[in-house]
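**Q** So the protein sequences, as listed, match chains A and B. Counting from 1 along the first sequence, just add 480 to a position and that's the residue number in our numbering. Counting from 1 along the second sequence, just add 480 to a position and that's the residue number in our numbering.
I should point out that these hints are in silico values taken from the structure, not numbers from a laboratory. Bear in mind the structure is a predicted one, so any value in this text is a computation, not a measurement. Note that CB positions come from ideal geometry on N, CA and C, so glycine has one too. Where hints are given, some of them may not hold.
Stated by the list, open to error - List time: in silico EDC-like cross-link candidates among lysine to aspartate or glutamate, alpha-carbon distance up to 20 Å: (1) A/Lys782 x B/Asp793; (2) B/Lys719 x B/Asp793; (3) B/Lys568 x A/Asp834; (4) A/Lys719 x B/Asp834.
Said to hold, decoys possible - With the C-beta cut set under 10 Å, the calculated list includes, among others, these residues of chain A facing chain B: (5) Ser500; (6) Gly602; (7) Gln826; (8) Gln835; (9) Val846; (10) Gln847; (11) Cys849.
As the list claims (entries may be wrong) - Facing chain B, according to a computed beta carbon distance under 7 Å, are these residues of chain A, among others: (12) Trp502; (13) Leu809; (14) Ala812; (15) Val832.
Here are the chains, one letter per residue:
Protein chains: 2
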Amino acid sequence: MSAGADPGGAAAGAAATFSSRWLETPAHVTERAGDLPAGFRASGVAAGLKPSGSRDVALLVSDSPDTVSAARFTRSGVLAAPVILCQKRVRLDAIRAVVVNSGNANAATGNRGLEDAARMQGAAAMAAGMREDQVAVASTGVIGVPLDTREVIKGIAAARPQLRAGGAEDFSEAIRTTDKFAKDIAVDVELPSGTVRLTAQAKGAGMISPSFATMLCFVQTDAAVSPETADLLLGVCVKRSFDRVSVDGQLSTNDTAILMCSGTSGVAIAPESEDELRFGEALDWALRRLALAIVRDGEGSKRIGRVLVRAGDEELAARVGRAVANSPLVKAALHGGDPNWGRIAQAVGGAVWDQPVAPDIWIEDVQVCAGGVGVPFDGLSLGDEVEYTVALGGDVEAEVFFSDLSHEYVSINADYTT
Amino acid sequence: MSAGADPGGAAAGAAATFSSRWLETPAHVTERAGDLPAGFRASGVAAGLKPSGSRDVALLVSDSPDTVSAARFTRSGVLAAPVILCQKRVRLDAIRAVVVNSGNANAATGNRGLEDAARMQGAAAMAAGMREDQVAVASTGVIGVPLDTREVIKGIAAARPQLRAGGAEDFSEAIRTTDKFAKDIAVDVELPSGTVRLTAQAKGAGMISPSFATMLCFVQTDAAVSPETADLLLGVCVKRSFDRVSVDGQLSTNDTAILMCSGTSGVAIAPESEDELRFGEALDWALRRLALAIVRDGEGSKRIGRVLVRAGDEELAARVGRAVANSPLVKAALHGGDPNWGRIAQAVGGAVWDQPVAPDIWIEDVQVCAGGVGVPFDGLSLGDEVEYTVALGGDVEAEVFFSDLSHEYVSINADYTT
């Protein structure tokens, strides 16, 4: 928890895990541990859903009635109950509270699941003193098991009196499942019109995907943002972050990202202003950092990779990038630090299907393939972060970050429910 | 080698590996070890391409000038030189000879690779005494390394005097790379118009995919078949066999399947006749058996799976089947014998993308999910072959066979070239 009270301990560890050569903190973004943005309070409690007895119910509220929000959800055809509820029964541009449980995904639970999600929403609305359609619900954990809403409601009741500006750490703790480290961010963002605060908490199971590799991310700011701008910024930044990571190429039923803007700083972000540009840069940096942390948090993960694809159009560049990032052959080679570029070429060929390509390929700064033909190179020694570049002709770029494929991934995923 | 001289030893082992509850030998198909169909001769020699000194150059010829053929190739955008050569410079409906090398895929080798493939073709045409455009070329092995054609040509010269009707075993041996067992078939097929012989040799790297998981398959028969019928039958049967297996979801640069029909039996297969139906059933059985053997031949593979998807149209059924079969989560659960049906649901949801589905799911005969909602079930004990059924509404079926994901897969693929 980077915003925690122990900057030398866990926070330092998390910061080290987050650092990446692929991510430069913008000059106008300053990390500062501490409270949530003005107007926000959060808490997290143990309600008995996790067998371990860890925190598993999280609550976050904005005290500002004018809070503006935006949301993005998984595009899976199999949606968890809380996702369906949010899409149908929540004013997604005016979310004022979020209630989350871990330990149970409330997915593949049918009508009973929808009712359970609605019960969570109702209890949280009651606790936060706001309308139900302003309360978003998210769940993560095992699937196909009915949710014990009695426990969740007791948890919400316990979480309510603990809501506080310094509660982000407890909130973060309560949304985790198999994450080895908390993934959150607390920064001040200097804009031409003034300084705003930006905090975010994410959870992502990384390579370990017990049943579902759910990704949840909640972002808070005290900037004043219009619903249209919030939606635009979140959409663009999610596309460049969580949409650009591959752990195992599997789409979750529960993925949820919510941006809430309380406006309490008095700093307004006007459309197409320098403020919007700078705020967008900060949000982009924050989400990419959290996405990279998810990739890094793979059990047994030794290395992470970035593949940068240049092509004639973005769809092609992204498709090829995902194919490389999802290839178990590429992932296994990354794990072993093996500069086996033939697997990159093969994944590229598989992605373009029926259309001849002659890629240029680099591993780090060394060109290993030119126009589809191998280039002799001397031994390449690969570090913790490995960069692959694929040029297909054209200059539209897409990048995808990915984790490696380890023995531990197999061990953990071979015996999860038994 | 099922056509070998040692029915009690290696052949029995291979036969045991081939047996599957998903494959029933048609009543009119009888396994019989022995010679290639009349008119065919084959051989395989060691030319020094494989460091192990094993056989690595294979030659197969049909002595009948009226031989009819059909071929299918990988649809990868990155094609190996021999595939490009076959597509551009071979009369694919009149192939009379096949030359294959293992130990080098001649892929990502550019113009030099095309010239090397042409040299192989020229040497084989000379050795077989036939036109160059009747000689197909195939390669498998490491990629990005120039082919030593001098060694290959010496191999072709050595293979020529060894061509014999009983040479299928040597041929099979010479096209293998990491295959743990030979994959071939020798059967007599009883048709209304008479008995024909059908033999086939395949190689497939299964889960081990050093650089490329190349699949090669060569089929010979002495039936008299028109080019149109040969093309139709091979197309349909490849689609139901090699197109329906997933080892690691990776498309090779070198995949090649060739059917050659010498016509020397005098039994003609007329279009839309009972002969065509029966012959098609035999070819279908043969290719499915070889495809299943490829899935079974994964290093560390403990279990193989079949997913049968029922949907409104075949494209959707096949897409969902591939998504399930390619999912590392599903594969890892299969490896561990874990009936974790949530991963099936998740893979289904990821495949349909933006379109709600509520699947019914069975593992073996036990329904575990109904209309997208989990169904309680008692402990399911999974055997060597695990059957998954997914019903999405509609009655068009597609099946995909797949191997599991093992520690050995990671070990082998993490350190292949280093």
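**Q** Regarding the pair B/Lys719 and B/Asp793, is the alpha-carbon distance no greater than 20 Å?
**A** Holds. B/Lys719 to B/Asp793 sits at ~16 Å (cutoff 20 Å).
**Q** Hint validation: A/Val846 versus chain B, beta carbon distance must be below 10 Å. Holds or violated?
**A** violated (14 Å)
**Q** Is the hint on A/Gly602 kept, meaning its closest Cβ partner in chain B is under 10 Å away?
**A** At about 22 Å, which exceeds the 10 Å cut-off, the nearest Cβ of chain B leaves the hint on A/Gly602 violated.
**Q** Does A/Gln847 meet its interface restraint, that is, does its C-beta lie within less than 10 Å of any C-beta in chain B?
**A** violated (13 Å)
**Q** Between B/Lys568 and A/Asp834, is the straight-line Cα distance small enough, at 20 Å or below?
**A** Given pair B/Lys568, A/Asp834 holds - Cα atoms ~15 Å apart, limit 20 Å.
**Q** Grab the minimum C-beta distance from A/Ser500 to chain B and call the hint holds if it beats 10 Å, violated otherwise.
**A** violated (22 Å)
**Q** Measuring from the C-beta of A/Leu809 to each C-beta in chain B, is the shortest one below 7 Å?
**A** Nearest chain B Cβ about 6 Å off; hint holds.
**Q** Please check whether A/Val832 passes as an interface residue: C-beta within 7 Å of a C-beta belonging to chain B.
**A** holds (3 Å)
**Q** Taking the least C-beta to C-beta distance, is A/Cys849 closer than 10 Å to chain B?
**A** It holds, given that the least Cβ distance between A/Cys849 and chain B is near 6 Å, below 10 Å.
**Q** Should the hint that A/Ala812 touches chain B count as held when the rule is a Cβ pair under 7 Å?
**A** It holds, given that the least Cβ distance between A/Ala812 and chain B is near 3 Å, below 7 Å.
**Q** Can you confirm whether the C-alpha distance between A/Lys719 and B/Asp834 stays at or below 20 Å?
**A** holds (16 Å)
**Q** Min Cβ distance, A/Gln826 to chain B: is it shorter than 10 Å?
**A** holds (6 Å)
Comparing the model with each numbered hint stated earlier shows that hints 1, 5, 6, 9, 10 and 12 do not hold.
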